[in-house]
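Novice: Each residue of the sequence shown is one higher than the one before, counting from 214 in the working numbering.
It is worth saying that the hints were derived from the structure and are not from the lab.
Wrong hints could be hidden among the right ones.
[Stated by the list, open to error] Listed below are the simulated SDA-like cross-link pairs for lysine to any residue, each with C-alpha atoms no more than 25 angstroms apart in a straight line: (1) K242 with N229; (2) K285 with V295; (3) K285 with D263; (4) K242 with D263; (5) K242 with S268; (6) K242 with N224; (7) K238 with D263; (8) K285 with V254; (9) K285 with R247; (10) K242 with N257; (11) K285 with C273; (12) K285 with P262; (13) K242 with F252.
[What the hints assert, rightly or not] What follows is a list of derived Cβ distance ranges for each label pair: (14) L228 with F252: 19 to 29 angstroms; (15) C272 with G248: 33 to 43 angstroms; (16) E225 with G248: 24 to 34 angstroms; (17) G279 with L228: 44 to 54 angstroms; (18) D233 with D258: 16 to 26 angstroms; (19) D233 with T256: 19 to 29 angstroms; (20) H231 with I269: 17 to 27 angstroms; (21) V254 with V293: 46 to 56 angstroms; (22) N230 with T275: 23 to 33 angstroms.
Ideal Cβ positions, reconstructed from N, Cα and C, are used throughout, including at glycine.
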Amino acid sequence: MFLAIYKVPANEHNLNNHRDAAFLKSSTKWEWARGDDGFPVTTNDLVAPDTILNSIFCCCTTGCSGRCGCRKAGMQCSSVCVTCHGISTNGAPLEGEEFELDREVEKSNEI
């Protein structure tokens with residue numbers, strides 16, 4: 214006994230998936246690197262040019278805390294910030310402080 218072979222009509226979703234798989238193929242062929250989690254890493258570039266990143270500032274009235282616009286953007290406060298005028302680092306070390314911490318760690322490792 215033979216099973217009848219049914220022709221399944223192609224729908225638009227299946228056609229789009231087939232077209233994408235046939236055209237794009239592997240993401241590594243498009244020069245994307247594979248990350249530690251197995252997913253492709255699309256870019257390591259900055260999300261925006263420095264001019265735009267430097268124009269982000271907060272208007273905090275009670276100091277830069279959890280509601281700070283700079284903190285939400287993951288940046289240090291800039292000199293145009295209304296309250297702190299760039300003094301608040303939002304938990305990130307300043308460039309000079311980072312080098313000082315590295316020197317302290319190196320000295321402690323020598324001992």
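Novice: Flag every earlier hint the structure violates by its number, smallest first.
Specialist: As far as the earlier hints go, 4, 5, 6, 7, 9, 20, 21 and 22 are violated by this structure, in ascending order.
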